[in-house]
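1 is the number of the first residue of the sequence shown in the numbering used here; add one for each residue after it.
Any given hint could turn out to be false.
Here are the simulated lysine-lysine pairs, DSS-like style, with alpha carbons at most 30 Å apart [to be verified]:
#1 K217 x K31
#2 K84 x K180
#3 K257 x K238
#4 K214 x K176
#5 K238 x K77
#6 K217 x K84
#7 K180 x K88
#8 K238 x K176
#9 K214 x K84
#10 K206 x K176
#11 K180 x K77
#12 K220 x K205
#13 K45 x K238
#14 K257 x K220
#15 K214 x K203
#16 K84 x K238
#17 K164 x K31
#18 K220 x K31
#19 K203 x K217
#20 K68 x K176
Derived from the structure by calculation, the hints contain no laboratory data.
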Amino acid sequence: KFKEVNKKFQYGNYHRYYGYRNISEEDARLKLLCQRLGLSFFQDKDVLDIGCNSGLLTIAVAKDLDAKHVIGMDIDKTLIQKAKSSLKLYSQSMSTGSGKFKKGQIFPLSMPVVYGSLNVPGVKDSSFPRNITFIQGNYVLENDVLLDIEQPQFDIILCLSVTKWIHLNWGDEGLKRAFKRMFAQLRPGGSLILEPQSWTSYKRKKNLTETTWKNYKNIKLYPTNFTEYLLSEVGFNKCEVIGSPYNPSKGFQRPIKQFTKGRTGNDTPSTAANRTPATTMEQQSKKIDEVEKSSSLNSEQLVKVENLTSSVEKNEQSVENIDKVMTR
Numbered sequence: 001k002f003k004e005v006n007k008k009f010q011y012g013n014y015h016r017y018y019g020y021r022n023i024s025e026e027d028a029r030l031k032l033l034c035q036r037l038g039l040s041f042f043q044d045k046d047v048l049d050i051g052c053n054s055g056l057l058t059i060a061v062a063k064d065l066d067a068k069h070v071i072g073m074d075i076d077k078t079l080i081q082k083a084k085s086s087l088k089l090y091s092q093s094m095s096t097g098s099g100k101f102k103k104g105q106i107f108p109l110s111m112p113v114v115y116g117s118l119n120v121p122g123v124k125d126s127s128f129p130r131n132i133t134f135i136q137g138n139y140v141l142e143n144d145v146l147l148d149i150e151q152p153q154f155d156i157i158l159c160l161s162v163t164k165w166i167h168l169n170w171g172d173e174g175l176k177r178a179f180k181r182m183f184a185q186l187r188p189g190g191s192l193i194l195e196p197q198s199w200t201s202y203k204r205k206k207n208l209t210e211t212t213w214k215n216y217k218n219i220k221l222y223p224t225n226f227t228e229y230l231l232s233e234v235g236f237n238k239c240e241v242i243g244s245p246y247n248p249s250k251g252f253q254r255p256i257k258q259f260t261k262g263r264t265g266n267d268t269p270s271t272a273a274n275r276t277p278a279t280t281m282e283q284q285s286k287k288i289d290e291v292e293k294s295s296s297l298n299s300e301q302l303v304k305v306e307n308l309t310s311s312v313e314k315n316e317q318s319v320e321n322i323d324k325v326m327t328r
């Protein structure tokens with residue numbers, strides 16, 4: 001019933017994904033975001049792109065939209081290698097000033113029309129490509145306890161056409177955990193840009209593997225309920241529909257939504273600004289790997305994880321303060 005070859009792309013990690021989307025001239029999603037939210041939306045922001053595939057959109061945000069730092073993350077090692085190769089190729093072109101690229105290889109010729117003038121290689125000093133990092137890994141944590149490790153470190157998180165694949169491979173619990181992680185990683189006032197796939201598209205991919213089939217049959221949190229869940233359960237305080245970008249393929253015409261995290265939180269502007277997202281993500285990955293070495297968490301590991309949580313430390317301090325008042 002399940003073909004072995006399907007396992008290769010069970011995470012939606014298609015190696016010609018951008019070709020499937022037909023964006024030989026421009027990524028309509030970025031164009032829409034810039035039109036509706038303004039060209040300065042990404043400027044000087046720390047950005048995470050979940051499920052970045054081969055990294056073309058990620059590179060565009062770092063290079064042409066003046067983001068402070070962008071992390072592209074994908075579960076597929078080969079795609080991350082392609083993303084790094086593309087970044088290296090573009091960087092070499094900047095240093096030599098050759099600019100010899102085939103149309104659509106890295107950035108389309110129409111990008112200056114869409115996003116404004118591009119930096120001329122060798123002329124304008126830019127943080128690119130130092131402001132971009134590609135990381136291979138699974139964004140879905142092993143369990144909810146690991147959520148306590150997370151720290152606010154991003155201003156914007158992009159989750160574009162990824163929810164279906166998380167849902168089919170890790171079920172309701174995995175997707176809920178991913179949503180909670182996104183919220184935890186956003187700084188106060190930060191934005192989650194979400195492009196969820198429709199339930200109809202799930203049906204076309206449910207038979208990829210035994211895992212996707214079982215998860216599909218047990219899904220209770222449907223895409224139409226994502227907004228309610230993110231607002232009422234996860235903690236986002238606002239949702240706005242940005243729009244549906246045009247695409248010749250109707251399957252890729254999906255509404256994009258902006259979820260905003262409230263401006264109250266444990267981070268102050270100074271502490272948030274001093275964090276380096278790439279370093280923080282790598283440190284957290286190491287901590288998570290240490291905890292996940294065993295198949296289950298024992299009491300000693302639980303204490304270790306909880307001790308990493310700033311919120312727990314603050315709660316303990318609050319209890320101590322109350323005890324002092326009570327004993328006076």
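Taking the numbered hints from earlier one at a time, note which ones the structure violates and give those numbers from smallest to largest.
1, 5, 6, 7, 9, 16, 18
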